[in-house]
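Listed below are the residues making up each chain.
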Amino acid sequence: MKKKLATVALGALMAAGPAMADLVFPSLSYRTGPYAAGGIPFADGYADYFTLLNERDGGIGGVMAKVIECETGYNTEKGVECYESTKGEGALIYQPLSTGITYQLIPKTTADDIPMHTMGYGRTSAKNGKVFSHTFNYPANYWDGASGAINYLLDENGGDLSGKKIALVYHNSAYGKEPIRTLEELSKKHGFELAALPVDHPGQEQKSQWLQIRRDKPDYVLMWGWGVMNQVAIQEAANIRFPMENFIGIWWSGAEHDVMPAGDAANGYKALTFHNVGTDYPLYDDLKTHVIDAGKAAGAGDQVGTVLYNRGLYAAMLAAEAAKKAQEIHGTADINASQMRDGMEALEMTEEKMTELGLPNFGPTFSVTCENHGGDALVGVTQWDAANKAWTLISEFKPTDGEVIGALIEEDSAAYAAENNIEPACN
Amino acid sequence: MFYREAGDFKVSYRDDSQTFPIKFDRYRYYVVLAVAFGVIPFLINDYWANALLLPFLIYAIAAIGLNILVGYCGQVSLGTGGFMAVGAYSCYKLMTAFPEVSMFIHVILAGGITALVGVLFGLPSLRIKGFYLAVATLAAQFFLVWLFNRVPWFYNYSASGQINAPERDVFGIIITGPNAPAWATYLFCLVFLALSALIARNLTRGTTGRTWMAIRDMDIAAEIIGVNPLKAKMSAFAVSSFFIGISGALFFALYLGAVEVGEAFGIQKSFLVLFMVIIGGLGSIFGSFAGAAFLVLLPVVLKVVGADWLGWPTDIVAHLQLVIVGALIILFLILEPHGLAQLWRVAKEKLRLWPFPY
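The listed protein sequences correspond, in order, to chains A and B.
My numbering applies: residue 1 is where the first sequence begins, and numbers increase by one.
My numbering applies: residue 1 is where the second sequence begins, and numbers increase by one.
A couple of the hints might just be wrong.
[Said to hold, decoys possible] Chain B is faced by these chain A residues, among others (derived, beta-carbon under 8 Å):
id : residue
1  : T32
2  : E69
3  : V80
4  : Y103
5  : S173
6  : A174
[Said to hold, decoys possible] Pairwise CB distance ranges, derived in the manner of DEER restraints:
id : chain 1 : residue 1 : chain 2 : residue 2 : range
7  : A       : G159      : B       : F143      : 56 to 64 Å
8  : B       : G311      : A       : D280      : 31 to 39 Å
9  : A       : P202      : B       : L333      : 24 to 32 Å
10 : A       : D280      : B       : L320      : 33 to 41 Å
11 : B       : A327      : A       : M260      : 40 to 48 Å
No wet-lab data here; the hints were simulated from the structure.
From the three backbone atoms N, C-alpha and C, an ideal C-beta is built for every residue, glycine too.
Can you build the whole structure from these sequences, using the hints too?
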């Protein structure tokens with residue numbers, strides 16, 4: 001008993017003491033709740049990449065990386081608790097994987113001088129680094145997604161969408177409402193008709209929305225869904241025999257677990273993406289030797305190679321690259337959160353760098369500057385092959401409508417700056 | 001030995017009917033107040049404020065509000081989340097429309113607006129009771145959440161439908177927004193909680209509270225002895241919603257800072273506050289505190305012990321948390337249906353005789 005107590009006390013001491021020797025990457029994950037199916041693979045990928053760096057390279061620039069997981073359950077109140085409990089441990093960067101938590105953390109992280117990376121989610125206008133100094137959303141955001149989907153449909157229709165009907169099925173929350181404004185602007189520009197159909201949390205009940213789709217017969221359906229809502233929507237679309245190739249989801253609606261339940265009926269379903277799919281990269285060989293075969297994989301280890309696992313891996317890779325950049329700029333291996341922010345703002349991802357990391361052609365190339373925290377906004381499209389149970393990239397990473405999106409970002413970030421008395425500036 | 005009435009002579013009616021008739025209790029109460037107002041603000045940090053104390057203080061206000069309605073007046077309500085949302089959104093509209101006005105006034109006005117809305121949704125209680133009233137208030141919950149999601153005026157036409165608390169101050173000290181010091185937000189909530197508890201306590205032992213309890217115990221008998229059910233029920237709904245509105249406003253402006261109505265004020269919030277009231281003890285102000293503390297602190301304690309100390313995987317800890325909290329709720333309801341407040345009463349009764357029980 002005594003020994004046990006001593007172990008507990010030691011553990012507590014180790015948990016409570018500031019771990020200055022490590023680079024701390026908190027992972028605000030959700031392995032429970034209605035969104036766990038998406039949260040688990042992302043958290044596994046995120047943790048596994050840092051394990052790989054520690055095992056193979058001895059950390060980042062010689063300093064070990066430490067991932068602290070904190071369960072949020074996609075719940076904003078738990079997110080606050082997680083943020084407060086991990087920030088004292090020297091957290092370098094936050095990636096909450098939840099738009100709701102992101103909105104809460106934007107002012108908090110700015111006040112605490114800790115950067116936040118919201119990769120493909122969060123507040124879109126955070127792309128404007130002059131207003132959102134500590135929030136980054138490279139390589140792509142929701143409005144890029146909306147525009148990317150429309151651009152893809154323009155390509156399909158020979159550059160003309162006038163008179164077409166497009167329906168948007170969205171999660172009735174801050175996350176799902178994000179693309180509406182962009183789609184409205186784009187519908188004016190390209191002359192298509194837009195119908196927005198909200199689905200309430202958590203999204204199991206969608207009969208009426210799909211009844212409306214069956215009645216209105218839109219040419220295309222776009223979806224901004226997450227968690228169980230995706231599976232239900234794809235099943236409902238199959239039930240009303242909506243042609244799957246005309247159904248496009250955002251990148252959060254395009255993982256294996258979203259399409260699997262519908263079986264063969266989901267064949268041909270499309271989803272946007274900002275990174276490549278599959279496991280056909282040299283990095284995966286290292287991952288196998290150093291992490292998976294060594295028994296150090298996070299979670300159950302059964303998510304390796306899925307779409308969201310790759311996304312977690314990608315997020316971790318970008319964080320590690322930013323940390324390396326920060327070490328280079330400041331000439332110290334033991335960086336702090338403020339230096340990490342500088343590293344993120346100077347981040348540049350080139351094809352050579354990706355190849356060197358063992359991930360050739362994995363993501364779009366982009367560079368981050370103070371004016372542009374959102375990268376170059378390149379969006380690709382993937383399609384589900386139900387027979388082979390695999391996603392394939394069917395459209396390369398292409399630019400989005402910067403003109404429309406830029407104006408909207410300017411407007412929204414100016415509103416935020418006015419509301420919070422921020423003087424837009426680059427230091 | 002220390003905890004006894006003997007030797008503490010009451011010479012006026014005022015002394016005789018005070019809240020804490022036992023001297024020890026009285027001093028304990030003053031010590032708690034002194035620590036809460038005079039010591040904690042100097043020791044508090046961001047973690048303690050945002051993870052534990054703020055949610056506890058705010059939920060305690062909500063629990064007091066709901067306890068007035070459910071515990072004292074016997075009207076079951078499942079609309080707490082919706083009424084908290086009314087408080088939050090009216091506070092947001094007031095904050096953005098009148099930035100120069102003090103936050104104290106905004107929060108109180110938000111409570112007032114919620115009271116009006118509460119009375120409106122309380123009207124059905126004149127015709128229906130029990131489970132049927134619960135369903136009517138459930139309708140209020142869903143309607144209010146739908147309304148704040150649907151009408152862009154409530155969230156000032158922002159792209160995402162979120163509301164964000166801008167920076168506001170009280171007497172020159174920032175209390176909302178990310179730059180607010182922990183002690184200031186804590187004290188602001190504490191002042192509201194202390195005032196709410198004081199008002200609730202004094203209302204419930206006066207005429208108003210007695211009419212509520214008369215309605216709760218048997219409405220027909222109450223009517224026969226001259227209690228006006230319209231006045232009693234409406235005042236219970238108004239006072240209860242007033243406190244719940246205040247807690248909603250604080251929940252949004254000071255604690256979370258950014259809120260999305262469906263996520264923050266959904267049906268699960270209504271149930272959470274109802275559980276606090278039931279576990280704490282129906283018809284007890286202390287019970288509201290105990291229930292709020294139990295349901296706010298327990299998950300955090302379990303998380304710290306499981307994930308941070310023992311190093312278990314976070315998902316297992318999260319699942320265990322549900323199991324343990326659920327089991328404890330069932331256990332409490334079986335062993336002590338009158339809640340934590342009754343345990344407290346029994347403990348005090350025992351303490352009076354200690355160390356020579358007969």
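Now for the hints, and whether the structure bears them out:
no.	hint	verdict
1	T32	holds, 4 Å
2	E69	holds, 5 Å
3	V80	holds, 6 Å
4	Y103	holds, 4 Å
5	S173	holds, 6 Å
6	A174	holds, 4 Å
7	A/G159 with B/F143: 56 to 64 Å	violated, 45 Å
8	B/G311 with A/D280: 31 to 39 Å	holds, 35 Å
9	A/P202 with B/L333: 24 to 32 Å	holds, 28 Å
10	A/D280 with B/L320: 33 to 41 Å	holds, 39 Å
11	B/A327 with A/M260: 40 to 48 Å	violated, 34 Å
In this structure, the hints that do not hold are numbers 7 and 11, in rising order.
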